[in-house]
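*Asks:* Here the protein sequences come in this chain order: V, W and C. If you read the first sequence in the working numbering, its first letter stands for residue 1, the second for the next number, and so on. If you read the second sequence in the working numbering, its first letter stands for residue 1, the second for the next number, and so on. If you read the third sequence in the working numbering, its first letter stands for residue 1, the second for the next number, and so on.
Calculated from the structure, these hints are not laboratory results. Cβ coordinates follow ideal geometry from the N, Cα and C atoms, glycine included. Don't take each hint at face value.
[Said to hold, decoys possible] Sample of chain W residues lacking proximity to chain V, with all beta carbon distances greater than 10 Å (derived): (1) I28; (2) G30; (3) V84; (4) E95; (5) F103; (6) V133; (7) Q136; (8) R184; (9) D199; (10) K250.
[Unchecked claim] Calculated cross-link-like contacts (lysine-lysine; reagent style BS3-like; alpha-carbon spacing at most 27 Å): (11) C:K157 x V:K249; (12) W:K196 x W:K230; (13) C:K129 x V:K341; (14) V:K23 x V:K136; (15) V:K184 x W:K196; (16) V:K191 x C:K129; (17) V:K136 x V:K35; (18) V:K341 x C:K116; (19) V:K393 x V:K383; (20) C:K157 x C:K169; (21) W:K154 x V:K191; (22) W:K240 x V:K191; (23) W:K63 x W:K196; (24) W:K63 x V:K191; (25) C:K32 x V:K341; (26) V:K71 x W:K240.
For reference, the chains in residue letters:
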Amino acid sequence: MATQILLNNIEVPGLTGIEVYRKLGGYAAVEKVLKTMTPDEVSAEVKKSGLRGRGGAGFPAGMKWSFLDRKVDKPRYFICNFDESEPGTFKDRHLGSLNPHLLIEGMILGSFALGARTSYIYIRGELFYILNILEKAIDEAYRSGYLGENILNSGYSLDLHCHPGGGAYICGEETALIESLEGKRGNPRIKPPFPAVVGLYGCPTVVNNVETIANLPWILQNGGDAYAALGTQSSKGTKLISACGHIRKPGVYEVEMGLPVEEFIYSDQYCGGIRNGNKLKAVIAGGSSVPVLPAELILRTDRGEQRLLSYESLSVGGFESGTMLGSGGFIVLDETACIVKNLLTFARFYHHESCGQCSPCREGTGWMEKILQRIENGRGTSKDIDLLVHISKHIEGNTICPLGDAAAWPVASAIRHFRQEFEDHVKLQKCPLSR
Amino acid sequence: MSLIKVTIDNIAIEVEPGTTILNAARKIGGKVVPPAMCYYSKLEGSGGKCRTCLVKVAQGSAKDPRPMPKLVPSCRTEVQDGMVVQNITSPEVLEARRAITEFLLINHPLDCPVCDQAGECHLQDLSYDHGLVETQTIEERRTFAPVDIGDKIKLHMNRCILCYRCVMVADQLTGQRVHGVLFRGDHSEIGTYISKAVDNDFSGNMIDVCPVGALTDRTFRFASRVWFTKPFDAHRDCPKCSGETVLWMKKDQILRVTGRKDKYGELESFICNDCRFEHKDPKDWIIEGPRKIERHSVIGQNHYEINKERKSDGGF
Amino acid sequence: MLEGKNNNILFSDEILELANRIISRYPEGRQKSALIPLLHLAQAENGGWLSPEVMDKVAGFLDIQPIEVYEVATFYTMFNLQPVGKCVIEVCRTGPCWLNGGEELLAHFEKRLGIKPGETTPDGLFTLKVVECLAACGNAPVVQVGITYHENMNPGKADQLIADWSDGKERSHTNPYR
Chain V
1 MATQILLNNI EVPGLTGIEV YRKLGGYAAV EKVLKTMTPD EVSAEVKKSG LRGRGGAGFP
61 AGMKWSFLDR KVDKPRYFIC NFDESEPGTF KDRHLGSLNP HLLIEGMILG SFALGARTSY
121 IYIRGELFYI LNILEKAIDE AYRSGYLGEN ILNSGYSLDL HCHPGGGAYI CGEETALIES
181 LEGKRGNPRI KPPFPAVVGL YGCPTVVNNV ETIANLPWIL QNGGDAYAAL GTQSSKGTKL
241 ISACGHIRKP GVYEVEMGLP VEEFIYSDQY CGGIRNGNKL KAVIAGGSSV PVLPAELILR
301 TDRGEQRLLS YESLSVGGFE SGTMLGSGGF IVLDETACIV KNLLTFARFY HHESCGQCSP
361 CREGTGWMEK ILQRIENGRG TSKDIDLLVH ISKHIEGNTI CPLGDAAAWP VASAIRHFRQ
421 EFEDHVKLQK CPLSR
Chain W
1 MSLIKVTIDN IAIEVEPGTT ILNAARKIGG KVVPPAMCYY SKLEGSGGKC RTCLVKVAQG
61 SAKDPRPMPK LVPSCRTEVQ DGMVVQNITS PEVLEARRAI TEFLLINHPL DCPVCDQAGE
121 CHLQDLSYDH GLVETQTIEE RRTFAPVDIG DKIKLHMNRC ILCYRCVMVA DQLTGQRVHG
181 VLFRGDHSEI GTYISKAVDN DFSGNMIDVC PVGALTDRTF RFASRVWFTK PFDAHRDCPK
241 CSGETVLWMK KDQILRVTGR KDKYGELESF ICNDCRFEHK DPKDWIIEGP RKIERHSVIG
301 QNHYEINKER KSDGGF
Chain C
1 MLEGKNNNIL FSDEILELAN RIISRYPEGR QKSALIPLLH LAQAENGGWL SPEVMDKVAG
61 FLDIQPIEVY EVATFYTMFN LQPVGKCVIE VCRTGPCWLN GGEELLAHFE KRLGIKPGET
121 TPDGLFTLKV VECLAACGNA PVVQVGITYH ENMNPGKADQ LIADWSDGKE RSHTNPYR
């Protein structure tokens, strides 16, 4: 088994309770950091670790922290993005529900490094049962002196609260999340300014994903160099991959960056191969937003190299023949799955989740869904396929936030790699794979 | 602070730091000015939404000459010293603008023949300049029933492009906002949720800032096509506002009163409802003289220049 | 701490205490931040949906304009703007759930309950809703009832779920803070 940073104790009974968590070495990083390190030293370790944001964009966490405006005389905020809603992604839910103290410990470390005195965990409203788990754990942390006034006599004080959303994927976009946390509609803000300068309540703010934050205790305990020794050149450490679809063993796996995709799909240690002995048809490797790849391109790049689970390997070939690691939502489709229908469910999702602020996304997502509905139901034409390409091309890059790109990429890639299947729908006037 | 230099479509101009690309282009004037359907210089926080003013930044600044990776909303992007911007000289920008225009029209009812805004509608202007000759949609359009929000304003949600300007007027000009954007995505609508009148001294400005015919003046409803009325600058002594208005007249009858709009369709100053709705007698006004409409639309010229290059038949 | 207006009408004493505790989590003058959490509470207190009257009371409680509440309540899908049945069944149908029989499951619920998504059974017991991704794709198909996830669903489990809620003794949308 590869190094397990996040899931190593996940099956220990009672892990959600602070006693078990502490017995397993929990809160040692907080003890160490608050007693022996300065906030700048913490930031330096995180930078050294090479940790990249695990929410989907993969932006270096240390660099994001370094953008925080530390000069302005305003409170600073540290927010955990627990708005996990990207189809195919269920890693944060797994981690947060089974090991809440790991996230809380990470929140304390991050808040200390950034100088935040009040921090929030923004969790999607559908996951209220996890909010309750987190709140119990937060209460325990207060009672044990890890939260509240003068933590461990360090002079540092922190309040940590959970905040539920109300049902909106868009709130995973950090400025929409901030708007939502302010009690408003989840409309993404126009950037610049970025949250690091103008964030929550107009104050400097850092928003990080659950998994990113959960890595902090290990990094501070073992050092940034130790973390950077794991993984590959540009993808350090481990990554949670939530695997679902037509595989024998769906679930959340922690892999060291650089694990071959083929091994991940077929090894009994991970997905265990395709169910029912079927053939692999396609994979959406990083959540519904990233380009879908056919079997041959997810296993090997167009240059014939083995494809690895890392930011750089998955993106080899650009969007022509590559994809993205994204959030690590790994959706596997076997030969029985209709690419058009699968795409239709995604298009419906993005249409449903568009906030409606900017015109390309508001109007384009619904248009694409309607056209896909037509093709899937056998009423499409060849021109419709080109029209989809046209629409996706003009949403991409032209919207306020990345939801537009996220809606466009699956459409563009499905047609790029599976055009024949769309044509077959048009020719047969029905779905060739419908049951 | 010293001025900084920006080049837009090969025309250089010096502007104050903090100026947006759009406002720098407006300083140059003419064809290099990007269209703006949601930005409104007098409304704080406006802009960035409609995406019609997207431009290409070919050089970020003299210090960092890298181009910006995506098209940027010119209304919300500040110029940097040495920035090089392409608007109408960029085929990429024009292609994007055509697509944005198409997006704005796929759910628009195109009911110009019965719309009071026709002739002074920014979406009409935009479609004449950037619209496709034929629609690519066969889908049914999203529809809403028209509603009266109070006795002076009509809301045709079908025509709304969700620019948020009217919401900002209510937020920034009036004490209490009772309408807003409800629901989300392409189900978003301007409304009061439970039927309420938008009723305050400055609510009529919502009509003037609306770029389309979503909010129209009920006192002018179906009274005349705008191009059959003659605009006159006029003023009166008003305790609530500047009292400086435009009277839209047919013979000696005032059919409509609006604020004075500049060539970008923006009000020079907001006027009160008293001036707008309650003074239709010419005796109430001191008429200054005919108003020149500078916009290149029906209302200004009574005809459009046909874009010969694209062999447009007029867009509709 | 902010003392709500008309609070005795909006919330029971127990919930009122919780609501005030939630408001205290945000800086002074930022009580609007508590809007979404309070709408969850108000919805639970009002039988699972938000009437205009309830929303107006939330506005009064937080000292904000009613339109600010409507804007938010209509944006987020967890808020029901029409009365719902005692048990609200939310069925996911996005990609991974579809791959694992989500549509067949939805059809089964429709058939068993005799209603379409968005409808409530005539006896007021069940409302059926379709939802987008619930982030439990590894155990697809997934159904949510109140704050509880029902995973790896199949027609048999669906029948059991319906049976469990058929006595009408409880509501699925109760105070989500436990």
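*Asks:* Are any of the numbered hints broken by this structure? If so, which, sorted upward?
*Replies:* Structure breaks hints 4, 5, 7, 8, 12, 16, 21, 22, 23, 25, 26.
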